[in-house]
Amino acid sequence: MSHSQALYSIAFYAVALLTLTSALLVVTLRNVVRAALALIACFFMVSWLYLLMNADLLWVAQLLIYAGAIPVLVVFAIMMTRRSMSDTSNSDTSNRAWALPVAAAVFVLLLAVLLPAPWKLTPWPDLAGTTGVIGEQLIRTFAVPFEVVSVLLLIGLIGAVILARHEETEAEERK
Amino acid sequence: MIGLPHFLVVSAGLFTIGIYGLLSKRNAISLLMSVELLFNASNVALAAFARFGYGSVEPLAGQAFALFVITIAAAEVAVAIAILLLIYRLRGTIWVDEIDLLRW
Amino acid sequence: MTWVFDYLWLIPLLPLVAFALIFGITYENKRTSAWIGITAALAADAVSLVFLFAEIAQRQPHHVIKLIFDQFITFGTAPADFTLQIGVLGDPLAAMMVVVVCSVSALIQVYSLEYMRGEEGFVRFFGFISLFTFSMLLLVLSPNFFQTYVGWELVGVCSYLLIGHYFKRPAAAAAAKKAFIVTRFGDFAFFVGIAYIYARFHELDFYRLSTMWTAGKVSSLGLFVIAMLVFSGAVGKSAQFPLHVWLPDAMEGPTPISALIHAATMVAAGVYLVARAYNLFAANPASLAVVATLGAVTSLMAAIWAVAQDDIKRIVAYSTLSHLGLMMLGLGVGAYSAAVFHLFTHAWFKALLFLGAGSVIHSLHTQDIWEMGGLWKRMPVTAWTMLIGCLSAAGIPIFSGFFSKDAIVSAVFAQGNIVLTTMAVLISFFSAMYVFRLFFVVFTGEPAKRRAFDPKRIHENGRAITVPMIVLSVLAAIIGLAASVTVKGGFSGFVFYGPRAETESINYVALAASTGIALAGLLTASLFYHARFKRFSAAEFNQRFAPVYAWAHNKGWFDEIYEAMFVRGLLLNAGRAVQWFDTNAIDTFMDSLAGGYQLVAQRARRLQTGRVQAYALGLFAGMFVLVVLFIVFGGGGTLAAAVGR
Numbered sequence: 001m002s003h004s005q006a007l008y009s010i011a012f013y014a015v016a017l018l019t020l021t022s023a024l025l026v027v028t029l030r031n032v033v034r035a036a037l038a039l040i041a042c043f044f045m046v047s048w049l050y051l052l053m054n055a056d057l058l059w060v061a062q063l064l065i066y067a068g069a070i071p072v073l074v075v076f077a078i079m080m081t082r083r084s085m086s087d088t089s090n091s092d093t094s095n096r097a098w099a100l101p102v103a104a105a106v107f108v109l110l111l112a113v114l115l116p117a118p119w120k121l122t123p124w125p126d127l128a129g130t131t132g133v134i135g136e137q138l139i140r141t142f143a144v145p146f147e148v149v150s151v152l153l154l155i156g157l158i159g160a161v162i163l164a165r166h167e168e169t170e171a172e173e174r175k
Numbered sequence: 001m002i003g004l005p006h007f008l009v010v011s012a013g014l015f016t017i018g019i020y021g022l023l024s025k026r027n028a029i030s031l032l033m034s035v036e037l038l039f040n041a042s043n044v045a046l047a048a049f050a051r052f053g054y055g056s057v058e059p060l061a062g063q064a065f066a067l068f069v070i071t072i073a074a075a076e077v078a079v080a081i082a083i084l085l086l087i088y089r090l091r092g093t094i095w096v097d098e099i100d101l102l103r104w
Numbered sequence: 001m002t003w004v005f006d007y008l009w010l011i012p013l014l015p016l017v018a019f020a021l022i023f024g025i026t027y028e029n030k031r032t033s034a035w036i037g038i039t040a041a042l043a044a045d046a047v048s049l050v051f052l053f054a055e056i057a058q059r060q061p062h063h064v065i066k067l068i069f070d071q072f073i074t075f076g077t078a079p080a081d082f083t084l085q086i087g088v089l090g091d092p093l094a095a096m097m098v099v100v101v102c103s104v105s106a107l108i109q110v111y112s113l114e115y116m117r118g119e120e121g122f123v124r125f126f127g128f129i130s131l132f133t134f135s136m137l138l139l140v141l142s143p144n145f146f147q148t149y150v151g152w153e154l155v156g157v158c159s160y161l162l163i164g165h166y167f168k169r170p171a172a173a174a175a176a177k178k179a180f181i182v183t184r185f186g187d188f189a190f191f192v193g194i195a196y197i198y199a200r201f202h203e204l205d206f207y208r209l210s211t212m213w214t215a216g217k218v219s220s221l222g223l224f225v226i227a228m229l230v231f232s233g234a235v236g237k238s239a240q241f242p243l244h245v246w247l248p249d250a251m252e253g254p255t256p257i258s259a260l261i262h263a264a265t266m267v268a269a270g271v272y273l274v275a276r277a278y279n280l281f282a283a284n285p286a287s288l289a290v291v292a293t294l295g296a297v298t299s300l301m302a303a304i305w306a307v308a309q310d311d312i313k314r315i316v317a318y319s320t321l322s323h324l325g326l327m328m329l330g331l332g333v334g335a336y337s338a339a340v341f342h343l344f345t346h347a348w349f350k351a352l353l354f355l356g357a358g359s360v361i362h363s364l365h366t367q368d369i370w371e372m373g374g375l376w377k378r379m380p381v382t383a384w385t386m387l388i389g390c391l392s393a394a395g396i397p398i399f400s401g402f403f404s405k406d407a408i409v410s411a412v413f414a415q416g417n418i419v420l421t422t423m424a425v426l427i428s429f430f431s432a433m434y435v436f437r438l439f440f441v442v443f444t445g446e447p448a449k450r451r452a453f454d455p456k457r458i459h460e461n462g463r464a465i466t467v468p469m470i471v472l473s474v475l476a477a478i479i480g481l482a483a484s485v486t487v488k489g490g491f492s493g494f495v496f497y498g499p500r501a502e503t504e505s506i507n508y509v510a511l512a513a514s515t516g517i518a519l520a521g522l523l524t525a526s527l528f529y530h531a532r533f534k535r536f537s538a539a540e541f542n543q544r545f546a547p548v549y550a551w552a553h554n555k556g557w558f559d560e561i562y563e564a565m566f567v568r569g570l571l572l573n574a575g576r577a578v579q580w581f582d583t584n585a586i587d588t589f590m591d592s593l594a595g596g597y598q599l600v601a602q603r604a605r606r607l608q609t610g611r612v613q614a615y616a617l618g619l620f621a622g623m624f625v626l627v628v629l630f631i632v633f634g635g636g637g638t639l640a641a642a643v644g645r
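Protein sequence lines, in the order shown, are assigned to chains A, B and C.
Per our numbering, the first sequence starts with residue 1, numbered consecutively.
Per our numbering, the second sequence starts with residue 1, numbered consecutively.
Per our numbering, the third sequence starts with residue 1, numbered consecutively.
Derived from the structure by calculation, the hints contain no laboratory data.
Don't take every hint at face value.
No farther apart than 25 Å at their CA atoms in a straight line, the calculated lysine to any residue pairs in the SDA-like style are these [said to hold, decoys possible]:
1. C:K456 <-> C:E114
2. A:K120 <-> A:F107
3. A:K120 <-> B:S56
4. A:K120 <-> B:G3
5. A:K120 <-> B:L4
6. A:K120 <-> A:N54
7. A:K120 <-> B:P59
8. C:K177 <-> C:D559
9. C:K177 <-> C:F23
10. C:K168 <-> C:E563
11. A:K120 <-> C:G634
12. A:K120 <-> C:V628
13. C:K449 <-> C:D368
14. A:K120 <-> B:Y54
15. C:K177 <-> C:N573
16. A:K120 <-> A:F12
17. C:K534 <-> C:D311
18. A:K120 <-> C:V632
19. A:K120 <-> C:F630
20. C:K66 <-> C:W3
21. A:K120 <-> C:V627
22. C:K534 <-> C:P455
23. C:K449 <-> C:L527
24. A:K120 <-> B:H6
25. A:K120 <-> B:I2
26. C:K177 <-> C:H553
27. A:K120 <-> A:L109
28. A:K120 <-> B:G53
29. C:K449 <-> C:E371
Output of the computed footprint for chain C on chain B, the stretches with three or more beta carbons under 8 Å from beta carbons of chain C [claimed, not checked]:
30. 10-23
31. 91-100
Bear in mind that the values here come from a model prediction, so they are computed numbers and not experimental data.
Where a beta carbon is used, it is the ideal one built from N, C-alpha and C, also for glycine.
For reference, chain A alone in the conformation it holds in the complex (with noise of 0.2 Å):
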């Protein structure tokens, strides 16, 4: 093992660490805001994964939107609904029971078939960045997907705006 090669190890197997910990933290702490907080961690170490993948783009979009404007939008939503600012406000439910040994399943049925399997590995050319050659993906095979996903973020943003409108803002436009 080359001395690069253990660096990347460890760094790998840190970053990994840190991840699945800080998920464990979004799903078990009581307190829903601190719960938002681990996912901004756990966001984060996702997109040092990114980036241990050689995927430059992918790190920085995950930084940008991921990191950054999800959380605001979660913490945005705390907020407003003031009840969960308790410290039981992200309790279990009765399901709890079921939820491990369904979750533990799935893992292990996840694992039986991902390691065992035959995948054809290619090499990694050694691209200057990541961000042309998607570049080039968006524009030329995924121009369809691009555009509707375009679409699609504007009605996103319509009908999160007619959802979250107040009643009296109707109340007013019947009068």
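Fit chains B and C to the supplied structure of chain A, relying on the hints for placement.
What follows is chains B and C alone, placed relative to chain A:
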């Protein structure tokens, strides 16, 4: 040394944790957070396949796919929170085990 | 005129079409429906008359069979396999019957125009009469046992429907049921007989079978059994003892029905069947003896009972029973032509008697003869026609009943059996007696005093009622004479069995004797019942012979005996058993089925918690199970192919 299986294990772990959170939490926002974990898990897997199987389909198709997933997840979170707020306004609660109008 | 043989199928078809039209299209319109029925019957009658004349014109004995459905029902493809046919048979016997059925049907439908006016179910009445006419014609024109049985059952159903016309009255509903169930016994035995015939002879056609009976396929005991089974059908339909109990109760139906079904046609079907299958009976003398005995017993008992009845329709009903028994007696002693001739004449005068009774009932609104009286002056047409009918029924000379009845009695004399002869004499005596008892009580003297009924209201009925009666009375008066004179050899030259009689051998002694007996009966009746000439008191006589009177008045208590033996014993208990089974077995099964579903549903609906999380749990768990199943049971190859190649 670190190869595809390692990343897949991380992805599987994230997925599992997401499922557990989805099934065992009362707060609707926690459910939302768990769903985000699920998205991330699949994104990690996609990026890993793009990295270790470069050129099997389009080059870096997995990463492009993951990019789309991020976009869509963002839109989805926005709409989901809007719905959540509406429910909170109407029902006064965000505990999912109290929102059971379709019950027998 | 032989062209008519190609169109015989029209005869049953016309009433059937009328039935369809009445129930299908003109049900709302009373007048149209009634006239459709009448027109169909008249049209069929016209064809029948041409048919009759064509048959009379035939020199040689002949018959024509035209099959309409050559293979109505078949199993198997080889010729030796099971085949049932529908067709028409043209021979003198059929021609005669067809004219009777169509004419009486037409006449009573005209009669019903006034009789049933304003009654409930007017259109239904006419529709079912057309259906009945069709069924009876199907039966009469049948060339084989199968079609006869089909017609047999159909007329049974129509009889049920028509007896129970006023089905809202419990008595009528019960009478209809009784008629159907009692005849069922006979019908069932008949069917077994038909099945036996087919099993042995593989043939059901009358004419083809006529040569096969003695060919050795069945032993003489077997022939006797077959004959008895077939005769059972006749016993049921023609109300012979012991299945006679339904006929008097059938008087619950409207009077035109009694005239059509229970006088002229349906009850004659039994006699007709024996005549049709006469070869079968002739092949085994023992069966003929049974027929004769049963007929004689029925006839005598019914005649005695008729003398002690007070309901006008019941008297005529028992008269029918008696005459039918007489026909059976005639057939049994070998007087084929005489018996069939009596069937012919009886149809006219018995229908006439019923229609006359109906006319009286229609005017006086009562059926009890002791509430009548003095109608001679007040209802002249009815009175004269009834007189002719009674004279014919009693067998007074020149009137048609005389010719046929006399022929039968002569034949019984000729047989030489003392018992039967005595019975025949008594039957003749009582026949005259009960019919003139009826006549004198109803028509002579003064109207009986009744509460809330003013005698001045009695008047003759309208044309629709009187014209058919007049027509029938003309026929009842002259048909006997006409038949004997116009057809070569008389009626026996027309319808006969065995070698044709070229000339009628007239036994003058028997002629005088039977006339004398009939007159004696008439005289006795007048002595007891004629308002002006009576010498003796009927009431005193009945008291002196009280047990006899009781037996006669109660019709031998057969109804009571059957009720106790069969109805209470068998039917009621069978009914109870079925009811127990229905409640406990079937209902329990159904309830537990429903209860089971309810239970499952109650448990299962708890799955619908309404909570999304629970559903998500189910989703993931299910997904897990499915994937595992997929991998374990054959999906593994697909998976490997997907990732590895």
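Check: Against which earlier hints does the structure fall short, listed by number upward?
Finding: none
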